[in-house]
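Chemist: Chain by chain, the residues run as shown.
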Amino acid sequence: MSHDGRNLRGMVLGVVSFGLIAPILLGLWQTATAAFGILPALGHQTPTLAPWAMLADLPGFATSLRMTLVTGLGSTLLALLLATGFCATVHARLPPGSARLLTPFLAVPHAAMAVGLAFLLAPSGWIARAMAPLAGWMTPPDIATVNDDWGVALTIGLLVKELPFLLLVILSALSQIPVARQMAAGRALGYGRGVVWVKIIMPQVWPLVRLPVWVTLAYALSAVDMAIILGPSNPPTLAVAIMRWFFDPDPQMILPASAGAILQATLVAAGVTLLYIAERVAAPIGRWWLRRGGRGLSTEPGLWLATAASVLLMAAGLIAMLSLVTWSLSWRWTFPDLLPASWSLKPWAAHSGDWTRALNRTLILALTTTCLSLVLAMAWLEGEDRARRGRAAWAEALIYLPLLIPQIGFLYGLNVVFLRLGLGGSLTAVIWAQTLFVFPYVMITLSDPWRALDPRITATAAALGAGPTRRLIAVKLPILLRPILTAAAIGVAVSVAQYLPTLFMGAGRIATLTTEAVALSSGSDRRVTGVYATLQAALPFAAYFVAFAIPAMLHRNRRALSGASHA
Amino acid sequence: MSLDLTAICIRNTAGKALFAPLTLRVPPGEVVTVMGPSGVGKSTLLDGIGGHLSHGFHLTGTVMLNDQDVTHTPAEARRIGVVFQDALLFPHLSVGDNLAFGLPQHLKGRDPRRAAVDAALDQAGLDGLYSRDPATLSGGQRARAALMRSLLAEPLALLLDEPFAKLDAALRDDIRQFTFAHVHQRAIPTLMVTHDPADADAASGEVIQLTTL
Amino acid sequence: MKLTLLAVLALTATPVLADWQQTLDAARGQTVYWNAWGGDERTNAFIAWVGEQTAAKYGVTIEQVKLTDTAEAVTRVVSEKAAGQDQGGSVDLIWINGPNFLAMKAQGLLHGPFVADLPNSQYLDLSPTSAASVDFTTPVEGMESPWRLAKFVFTYDSARVKEPPMTMADFPAWAAAHPGRFTHPDPSNFMGATFLKQALIELAPDPVVLQSPATDASFAAATAPLWAWYDALRPNLWHQGATFPENQSAQQQLLNDGEVDMSMSFDPASTAAAIGQGLLPATARVFVPDGGSIGNISYVAIPYNAAHAAGAEVVANFLLDPATQAHMQDIEVLGSYSVLDDSKLDDAAIADFAALPTAPALPSLADLGPTLLEPDASWMTRLTAEWARRYTK
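Chains as they are written, first to last, in the numbering used here: chain E, 1 to 567; chain Y, 1001 to 1213; chain L, 2001 to 2393.
By construction, these hints were calculated from the structure, which means they are not laboratory data. On a predicted model such as this, the values are computed, not experimentally measured, just so you know. C-beta atoms are modelled at their ideal positions from N, C-alpha and C, and glycine is treated no differently. One thing to keep in mind: the hints can contain errors.
Part of the chain E face toward chain L, derived, beta carbon under 7 Å [claimed, not checked]:
1) Ala56
2) Pro59
3) Leu419
4) Arg509
Label-pair restraints from in silico Cβ distances [what the hints assert, rightly or not]:
5) Gly1109(Y) to Phe18(E): 40 to 50 Å
6) Val375(E) to Gly1109(Y): 54 to 64 Å
7) Ala1198(Y) to Leu305(E): 54 to 64 Å
8) Asp1201(Y) to Val375(E): 46 to 56 Å
Chain E extracted, bound-state conformation (with noise of 0.2 Å):
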């Protein structure tokens, strides 16, 4: 109908297709040609299986392979569960809008999250330091309580972030369901409350929260940042024994680690394959279930354990929040103290010049990458608009591409592809390899408050004599004003964690908050780590101020957006 529409949506689907989409096939088939031992480079031509037995060679690979599953299936499928029960407990008490209290657990960066974590967790850390006075301890226990051998740190740290994503996923989902009608006809032919939830809630639930649920899993199975900092070391998971095998000393181990990489993808590929296959089964053993008519026993304990230890999860990010910033204030601080003996600035002092410029990088990187992603995500959302159509499957599977690939994937292999065309080592690569995962997130947030507006609004600015232009500008962005400053916040907090591609394709040059944090968490001092880290947690924070303060001051007067009755 409109040959407008056509461009834009020609150009929007151009820019996906050749600036995200292309680079991450053409990193990770870079990535597959070393995988079987083709690397000019270091005189490697023919193509071989050797990096393969290389790779099941290197010690410890069963164990990375063994702990990858472990924590990156038991941390999703654990976070799943809990996050329906505690839905299914308190979803019916929640005031509305109480979900943004989930903010703050979204915004902390992963590996903001994790160093306070090991504080709190380690042998000399703050829950120690609370037991120390009872148990008698002058000196920290001998137990591994982080980077344990069993993954347990890892389990509890990839939860701490897993969980509130989760919740927030199936809460917003719940929110398209009338939930209270339909727990009260359940209720009153004798279910009980979680059987209700499980047999007629969760089916409901389930179809929208997938995709997010794969994504999880994706990252939970592929985590490095925070797996270097809480993980096993003796040997890594995969994937941080991958990096590790990247960087190494010898340059011939490019090509296991190229291996690793491709297995690496393989396996978030199984663990979705595995998800979907458990949602067929469980379809028709689900439909049997129900057709029995069975009641069931009371769920209640299980609902109440969930809770539980939701909120247990949820305490022990805040708390490790807070110790972020106790330490960054402290000079002396040994155990068995729970507080500091002296306090100081000079760890801000000291290093400002350093954590100034780091912070600066940090936000001239996440400015960028959010405008590109959100004017990219505008004009795709527009041309659907202006087209007056949907969104196809594809192109829903191209915004999640990058998300569902892990990254230590491909990145190696688009670390060459970027040096081929000049851009190593540069500021434009790290915008380039960030926008790759802020995009995916910020096209998501913005996608369904785009598409909730109503149609006749545009309809009638138009009946009113304004065209295409004007209705984008004088109409649909200021109507929606609150939910792409969302989109823009949660771009921000994306930006601000990214790990990976900031180290590859920064060729280690672009200091940011998040890679300085990690190099710092293995350092001496960590009082300089709580500067990074609470400066990395502040960023998205600051953020999502922004995008709160804006729309209430600007639309001060306008009762619609201006958020008090924001549903």
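Chains Y and L: place on chain E using the hints.
Modeler: What follows is chains Y and L alone, placed relative to chain E:
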């Protein structure tokens, strides 16, 4: 001024026609009412005439406005106003700015434009509410503001999509009178879609029954 | 064969920067990306100071690329070479030594020889057998320039440990008496590997073999006592020897937290400095096993494709300035011992060194004992691999 529809037919994604081809002439200042069961495509018909059809819907036939074919003209260039049951005032603009949104380009200068809006607010019994948040208006005030907003754009035809459905009974009559009076006074050909026979009676124009094929 | 050829090509392709004034002119306005391990705040501060000095004196600014592992910089140069980027590379200067130097030198990834071109190299003892001429038994051949001396020492908390083990052989008994109170950095890390090498030198039946490249036979024979010793030590390590701190900084943090009683360092002054910064208890002290400890020199090298080779040479030269070395040896600054040959310094420079301040936790040169030679680089590679094979399951 008149709105002429010739053999208008709308097909959905599957290619199925929603209703029998419709040929109709709306004379200036008259309100023609379209009635029919739910789901027959009354609102879609208005979308087609106004140029707001969703992707997948296809319109055949011609829409003539003052003997000009506007069938393929973009919505913003047709000069066909629309009023929906929800009034749909732009939530980010004040009441006055909502009215000013559709003011034609030929009205130049800050003061004349402001005067036009103030006059319209006056006529609608909304005087002094220029800077009000539309969300704080009553249902009747909102309906009147929406109508005045459409009229200020100097439309050559007007489409009313169940414009009174959301108002309570006491108010409905009042707003009907207000709407039809303005339509008559400005001699605008008007097409109204409604469920309510009382709307059709009050419009006192031709009544078309839309039926499924 | 192929690699040697490449190395020769790389050498001939490099413009000869013999004339120092020419180098200074070329360097002015350049920003040198110095890739250096960033885990030590004092070193980072020293590098920042060097940057201020070179900016003021020569118009050369320094941007420190903080690495978690020097190998990262090597990989970067390798991938640049892989992508055919033979000029304008992202790495200008690397803090390097040992296996990383060997790897880069062998693959022709280095610029040089350039050390003899540096005016301040006159203060170095560059005779073929001197410490500054051999890096882990690999001849330096002017491909890297020394900047700081490193000597392996242990740090302990004298409030908790009254009698630290005085030989490496004493460690298993000490650990058995104090289970969970000792550990060492992961041997994939430089410091962890050095701990094993320190023990190897003491325990090997014939330490002389360590100075030549390891063979399967010599390695098996020389390390057999080491593994027996380690098997006795490991069960009583921190966390039962199942996990290890990533590097010495992480271990110093453990010492500060009271999780372990000892740490180790390549910088004899680091303990005194850490006390001053509130990073170790005031009771922390340094000891060296009887018979001495491993010492080596830290170098800076320039990749073959460095974008700012001239600037990098200016920085390398500035690091060798006697005033710079004296500033570096200051306990308040870095406390790293000078790499210069005392006999080549003038009286003023000698007085500068003599006037440096001291601290209770700062060992005297006599406390540090004799310096043991690093084994050939092949030993470290094998040691790390064999350790991983045995203890990484």
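Chemist: Hint check: is the beta carbon of Pro59(E) less than 7 Å from a beta carbon of chain L?
Modeler: With a closest approach of 4 Å, the Pro59(E) hint holds.
Chemist: Measuring from beta carbon to beta carbon, are Asp1201(Y) and Val375(E) in 46 to 56 Å?
Modeler: holds (53 Å)
Chemist: Can we keep the Arg509(E) interface hint, with Cβ of chain L closer than 7 Å?
Modeler: holds (5 Å)
Chemist: Tell me if the beta carbons of Ala1198(Y) and Leu305(E) are separated by a distance inside 54 to 64 Å.
Modeler: holds (60 Å)
Chemist: Just to be sure I understand the hint, the distance between the Cβ atoms of Val375(E) and Gly1109(Y) should be within 54 to 64 Å; is that true here?
Modeler: violated (35 Å)
Chemist: State, for the Cβ atoms of Gly1109(Y) and Phe18(E), whether the hinted interval 40 to 50 Å holds or is violated.
Modeler: holds (48 Å)
Chemist: Can Ala56(E) be said to touch chain L, with a Cβ gap under 7 Å?
Modeler: With Cβ-Cβ at 14 Å, over 7 Å, it is violated.
Chemist: Report holds or violated for the interface hint on Leu419(E), using the least CB-CB distance to chain L and a cut-off of 7 Å.
Modeler: Since chain L brings a Cβ to about 3 Å from Leu419(E), closer than 7 Å, the hint holds.
This entry does not satisfy hints 1, 6, going by the numbered hints stated previously.
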